[in-house]
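Number of protein chains: 2
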Amino acid sequence: MTISHPLAPLLAPNSVAIFGASNDPSRISGRSLRYFREAGYKGGLYPINPTRDTVQGLPAFADIASVPGAVECAVIAVPANLAIEAMEACVVKGVKAVVMFTAGFAEIGAEGRAMQQRITQIAQDSGIRLCGPNCLGLFNMRIGHTPTFSSFLEEGPTPAGPLGMVTQSGAFGTHLLALTARRGIQVGVWLSTGNEADVSVADGISFLADDPETKAIACYVEAIKDGAAFAEAVARARANGKPVIAMKVGGSTIGAAAAASHTASLAGSDAVYDSALRQIGVERAKTPEDLVEIAYACTRGSLPSSRRLAVMTMSGGAGVLMADAAEEEGLDLAPLSEASQKQVIEWVPFAAARNPVDVTAQVLNDPSILDKSFDLLYGPENFQSIVGFFTTWASSPQMAEPLFRAVTGAVGRYPDRYFALSGIATPEMQRRYEAAGVGVFEDPWRAVEAIAAATRCSERLNAPSLPIPEVPGNLPPLPHGRIAEHEAKAILSAAGIPVLDERLATSSAEAAAAGAALGDRLVLKIVSADIPHKTEMGGVMLDVPAAEAGPAYDRMIERIKTRAPRARIDGVLISPMLKGGIEMILGVQNDPVFGPVVMLGLGGIFVEVLKDVTFRIAPFGVEEAHRMIRELRGVGMLEGARGQPPCDLDALAVALCNLSVFVAAKRHEFTSIDINPLLVRPKGQGAVALDALILTADTVTEDDEPTP
Amino acid sequence: MTISHPLAPLLAPNSVAIFGASNDPSRISGRSLRYFREAGYKGGLYPINPTRDTVQGLPAFADIASVPGAVECAVIAVPANLAIEAMEACVVKGVKAVVMFTAGFAEIGAEGRAMQQRITQIAQDSGIRLCGPNCLGLFNMRIGHTPTFSSFLEEGPTPAGPLGMVTQSGAFGTHLLALTARRGIQVGVWLSTGNEADVSVADGISFLADDPETKAIACYVEAIKDGAAFAEAVARARANGKPVIAMKVGGSTIGAAAAASHTASLAGSDAVYDSALRQIGVERAKTPEDLVEIAYACTRGSLPSSRRLAVMTMSGGAGVLMADAAEEEGLDLAPLSEASQKQVIEWVPFAAARNPVDVTAQVLNDPSILDKSFDLLYGPENFQSIVGFFTTWASSPQMAEPLFRAVTGAVGRYPDRYFALSGIATPEMQRRYEAAGVGVFEDPWRAVEAIAAATRCSERLNAPSLPIPEVPGNLPPLPHGRIAEHEAKAILSAAGIPVLDERLATSSAEAAAAGAALGDRLVLKIVSADIPHKTEMGGVMLDVPAAEAGPAYDRMIERIKTRAPRARIDGVLISPMLKGGIEMILGVQNDPVFGPVVMLGLGGIFVEVLKDVTFRIAPFGVEEAHRMIRELRGVGMLEGARGQPPCDLDALAVALCNLSVFVAAKRHEFTSIDINPLLVRPKGQGAVALDALILTADTVTEDDEPTP
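Protein chains in written order, with my numbering: chain R, 25 to 732; chain D, 25 to 732.
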């Protein structure tokens, strides 16, 4: 295997030195070397041990400098106080990559953080790629490269299978290896990243994206450090046809670090990760079992290219159950054509033939029904996937072989189709099915879930990339300090977010003129940097007849002067009063992981009571904005619920897209943006921001909140 | 085992005759007899076979009449056309129970239904309890009673374990037997009910409730036929300290038979079952895996008596994951006291000690840390449950025994506490843990879910029974035909649902007088049986000043006469216009399974867009009504969201309770009831029905709908 990937020296090196390799293969410090030898690593292998001539039968070297010729990768398992010295020796030797098991760095506090900073600096200065510290190392069974002390290899090398795995936790990553192995999935390349001083989960995904023998990538993630790098790595895997499945944990604690502003407090939840992973194109697994099952489903056969699923069963009960599961998972149990149903009934008089197809115990008398049925479903009926429930037939003396021949025969004749078998097979029979590209699931519900996950992965891999708009580099800078509402609107308007035609009046006469120009009914709002809560101070008047704009202006100024005598008043903002449409909340925050993240929610109770919001990393295009809108549970409100006309979803999508481009350009200048509300009017009538708040890094935020 | 339960002749008989028993033990018709003999059944066993003297070594009888002495139970496996004759012979012989495997009854159409009706009648007339037809039979391993041809017993009798299982599908029930056996759970009594001509799932639960050796009951249900009998059986199990876990399938198809009225269309969904099962006290499992895992959790140790859970781990990653799972499942990861945290840090310097407690790999050097930690958590910290993640330590040569000693030692010292071990054990070690009452879960998330399910079951078993109000028998009958709005309100008012003080005016003068009496602002509504859609016809006027009641009356009558010249007008209903409060929708339908079912939803988008509704079987008390309210996703609206005062939840609960009592009394007289809206006013101000619609069986419903 020759890969030109930047991580090749770490994950596929030609030579490896092991600092602190013990002669005792049963000790933790002797494990890695033993694993290398058991796995048949063919490259140069150099134990560094100043106290011995040989280690586990190999010539040992007192230091790395004494190794003849080049060393591409080094394993450092010495105590923390010696690790820096070892790093420095690696630099002198020209080592390209280091795996550092050593603990006692950033995870133990300030002193450790300083030491970690030191080794990170050495790595950066020298160009060494550093995995760890405080990690369990990695393995690449394709070449027998095993710089790890994970107990998973204690019982011998694992076969070089199609799954790649990247994990931040070494201990839990080892547990996942055990779970996948028990499920019959071989992990070919495994990488634990520990403290991620340099090499991250994203780097691992990127390498696996290029590894020709990796078919799918599973990840265990506690915190993504660089959202952009992660997205890029997933895109690379996608371009190479490989699904990325990730379990992201820590949702319950992230929420504890709630931020001040409204948007930030919602975004602090797991919801941002959830939306972002979906946007990036990751299949998120909720539990370890889910991760294993989806990885299992994605390493069998050809992934299903459509949601059309045929359910075949010998038990009516299991058919009902699988139909439930299919509906919940959004799969399409399309009914068979009349002709095909008639055909099935001819073969099996009491069959259910619509879909689910229940071939009953009749198959026990005539197994050829299976072959005919599979051909009917894959052939004229053109189903992309079949889930077949056959319970213990898969292990019964009478039926196991006929069933195996029928299933594997069908996928052999239709190699681009997917088959999941639900049943209980002997371990040996299960391996035979798996080798033929057919997954075996004891639980029929799980089988349908697995097909659904494989279908989602396939859809992602085959969908065209959505265009991402260009971010302009030449926008004028945002003003410093507090940005008044009308200024904020002007800025957003320039960015392509429609705002109302509104006028700042500084006298009763100006107000009257504005009223005449804007027509019919008006909204008046006080403009004063000293009055953040306009409504409570009487600084908002709704539904004012245009003809009364002048007197209304006077009344408001008088009221404010009484209630807030010291407030500096910039004037009164006058705009038309719009009726009709649905109020949305748009927000933006600068997420520490993903950068500017746009939030969308339906105004009122949807956000406040139901937390019905969704997020997207900026920038994104209108298609992505439409997906975002459709993710809202309350989307029905926009589509014309309760006798209302459907809203202008296109205008909403364009506003979201333009906002995302603007905040991507301004990511270093703002803290948060709220457009609350954006009124989405009936179809064809656009969307318009009724209020807006932009906070910059130097805004005093104590009393701020968007006002209606 | 002697049980006096009515199903004892079926499930624990002293003697069994088998019609159609084959001499060939490998044939389906020979299986049941073979199973009896292998299971060591001690009662009388009589093969009925006119063609042989002996069957499988036992004396055979030409007919059941020839059997000497009494026969308590008979197995009928002969073809359908002979089954009735066999039933009749059983009646003559005085048989008490029949298990009928025979298919070809109600499941095949009209002719089969007639035959099934016939055998049902025979059973009813004779008092024979009939299991089936079209079933796979049953087994009771406690006495080796095996009237079944389920392939599950092919490999020999299963041990008489603590789980009871009742299933409507024999084939899927057999699959569940295989799944539970693979998980290490022994099913002592198993019953498949097939077509349920007589014996139902409820009967099975009832028997298992009385069986002293059954610890928990698992069910697979496609359709409950008699909700009240089901509820009674579950209550019996609860009274005897046994959790009932049920998988109910078919949610996706039930919805297809949507009913006409608003309430009915929502109630037609799986949501009614879901609410009803919760109300009855069933732990609902969504998937077969869930069913098996919850049954596993409920047959280990003492069920946890509180939600306080301690998480112990040797991997930080697994700790995070289990904390996520605990939060999602509503378990309480209470932090350890300062003193206990200090104690843990003393034992393990780099431990996380708050909860999760991460004892790190340090335990490898000093396993006594485990004993001390468990004692700390169960003792001074008083946790009811511990989930411990120890990955492959449970099977490692070094750690397996010390870990086993520590865990089983702790549960031995604290026998009323719960312990779930997450790790990978050898099969032998797993059995040892299970024998000690400790469940082993490979997936730590699953372990936390299992504890949560066991905790819910324990809470149900230990909670006091909620009082159910008495249903009065002497209410006046509902009127026939269409019930006008004001009549409906009067009926509901008498039933304890507050309504507005409103007047029916038939002249302008009466309207003016009503206005003067009701005060301030009014609502006027036309009363006419010919105008179902009042609003659209201009038959509703809102916010009318009291002084204008007379002229408003005239305007409305004039408008209606123009628009609907033929409508018979009964008058105009005048009521005060209330402001403030939250509008709820209450509905009642006569559910075919559960009888009158009360629906509750928040008005407006919550019902229409989000389908946020919940249900209860009538009658129920105010505590149950409060539970119902708390199940709404939008309950925050009632608790004072968006700066509104909290609503009068007590008044809402009383209204729900009174409605439930009323409909329980009137179950045979109405089709559906809608109170839309019921305005729930701020706390202390009550709740009031603003509109109501009662449909009786003889109402013409075509154009009906509640109007605002």
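Accuracy of the hints is not assured; some may be wrong.
As the list makes no split between identical chains, a pair holds if one copy fits it or if it spans any two.
Derived DSS-like pairs (lysine-lysine); straight-line CA-CA distance at most 30 Å [to be verified]:
| id | residue 1 | residue 2 |
| --- | --- | --- |
| 1 | Lys310 | Lys585 |
| 2 | Lys249 | Lys635 |
| 3 | Lys603 | Lys635 |
| 4 | Lys66 | Lys635 |
| 5 | Lys66 | Lys366 |
| 6 | Lys396 | Lys558 |
| 7 | Lys707 | Lys635 |
| 8 | Lys249 | Lys310 |
| 9 | Lys310 | Lys635 |
| 10 | Lys366 | Lys396 |
| 11 | Lys396 | Lys603 |
| 12 | Lys558 | Lys603 |
| 13 | Lys585 | Lys558 |
| 14 | Lys707 | Lys249 |
Rather than coming from a laboratory, the hints here were simulated on the basis of the structure.
Right, here's what the structure says about each hint:
When the C-alpha separation of Lys310 and Lys585 is checked against a cutoff of 30 Å, the pair qualifies neither within a copy, at 57 Å, nor between copies, at 63 Å. Taking the shortest Cα distances, Lys249 and Lys635 sit within 30 Å of each other inside one copy (26 Å), while across copies they are farther apart (39 Å). Taking identical chains as interchangeable, the C-alpha atoms of Lys603 and Lys635 lie at most 30 Å apart whether they share a chain (25 Å) or sit on different chains (27 Å). Taking the closest pair of Cα atoms, Lys66 and Lys635 never come within 30 Å of each other, the shortest separation being 56 Å inside a single copy and 63 Å across copies.
Taking the shortest Cα distances, Lys66 and Lys366 never come within 30 Å of each other, neither inside one copy (61 Å) nor across copies (50 Å). Taking the closest pair of Cα atoms, Lys396 and Lys558 never come within 30 Å of each other, the shortest separation being 74 Å inside a single copy and 60 Å across copies. Taking the closest pair of Cα atoms, Lys707 and Lys635 come within 30 Å of each other both inside a single copy (26 Å) and across two copies (25 Å). Taking the shortest Cα distances, Lys249 and Lys310 sit within 30 Å of each other inside one copy (20 Å), while across copies they are farther apart (36 Å).
Taking the shortest Cα distances, Lys310 and Lys635 sit within 30 Å of each other both inside one copy (20 Å) and across copies (25 Å). With identical chains, the CA atoms of Lys366 and Lys396 are at most 30 Å apart within one copy only, with a shortest distance of 13 Å there and 69 Å across copies. In this assembly of identical chains, the alpha carbons of Lys396 and Lys603 never lie at most 30 Å apart, being 62 Å within a copy and 68 Å across copies at closest. Taking the shortest alpha-carbon separations for Lys558 and Lys603, both the intra-copy value of 21 Å and the inter-copy value of 25 Å come in at or below 30 Å.
Taking the closest pair of Cα atoms, Lys585 and Lys558 come within 30 Å of each other only inside a single copy of the chain (13 Å); across copies the shortest separation is 49 Å, beyond that limit. Proximity of Lys707 to Lys249 under the C-alpha cut-off of 30 Å is found in neither arrangement, the shortest distances being 41 Å within a copy and 48 Å between copies.
In terms of the numbered hints stated before, the structure departs from hints 1, 4, 5, 6, 11, 14, listed from lowest to highest.
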